[in-house]
Amino acid sequence: MALLKFSLTGAGHRFHSDATSGVVEQIGVLGVDISPRTVGESNYTVVQVLLDDERPDGDLSLLSCPLVAEVTRPAIVEEAEPDVVASALFDHDEFRQKLLEEQNAGESITRGVLVLNDGELPPRWTRLAFVPIPLRLTAGLDLRIYRSSVEELLEGVESAFAAGRINEAERLNLLTSIEQHHSDDSK
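If you're matching positions, the sequence shown starts at 5 in the working numbering and goes up one per residue.
Mixed in with the good hints there might be a few duds.
Label-pair ranges, simulated between beta-carbon atoms [claimed, not checked]: (1) S112 - R41: 16 to 26 Å; (2) P40 - I113: 22 to 32 Å; (3) E85 - G110: 36 to 46 Å; (4) S112 - V81: 36 to 46 Å; (5) R41 - R128: 19 to 29 Å; (6) P126 - A15: 20 to 30 Å.
Hints in this document: simulated from the structure, not taken from any laboratory. Glycine is no exception: its CB is placed at the ideal position from the N, C-alpha and C atoms.
Based on the provided sequences and hints, a complete structural model is requested.
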């Protein structure tokens, strides 16, 4: 289920919900921040989503359900599916807690980027995705944020592998990432 879609400019962007953004208010997203980040030698487009976890009619499952950020090339034909350039799963509080526990124990089992602010984890209503594409290369592309399920993610990986869009190593990396981000959902 698509939550939001933005046109990207190749530069950072911050969007906040206001009285004129009816779609955003309905799904409980307070804002989105898009910024560049370098981790090691890799450049990423970081998408941060701020969720409204205090709405009485809000969907609290958005705090931990599979959310995906996709950078896509707009479809040439209106009815066609857009071409996915890069995508990433959003983290969530339990996943960050697991990363922090491993870091404190001197382990590195779970794959992910641990973001700390003054030594503290982000609040539970903040979700982050590190999309593997430099922000400067996203001008003219779209960002789509959508809700998924573990089953849908796994089917997507297997479909991409069967179609030859990813190789065996990429397939295994994606399956591991899904399992580590949403281990409770995939059992």
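For each hint, the structure was consulted:
1. S112 - R41: 16 to 26 Å: 19 Å, holds
2. P40 - I113: 22 to 32 Å: Once the Cβ atoms are compared, 28 Å apart, the range 22 to 32 Å for I113 and P40 holds.
3. E85 - G110: 36 to 46 Å: 44 Å, holds
4. S112 - V81: 36 to 46 Å: 45 Å, holds
5. R41 - R128: 19 to 29 Å: Holds, since R41 and R128 (Cβ atoms, about 21 Å apart) stay within the stated range.
6. P126 - A15: 20 to 30 Å: 23 Å, holds
In summary, the structure agrees with every hint in the numbered list given earlier.
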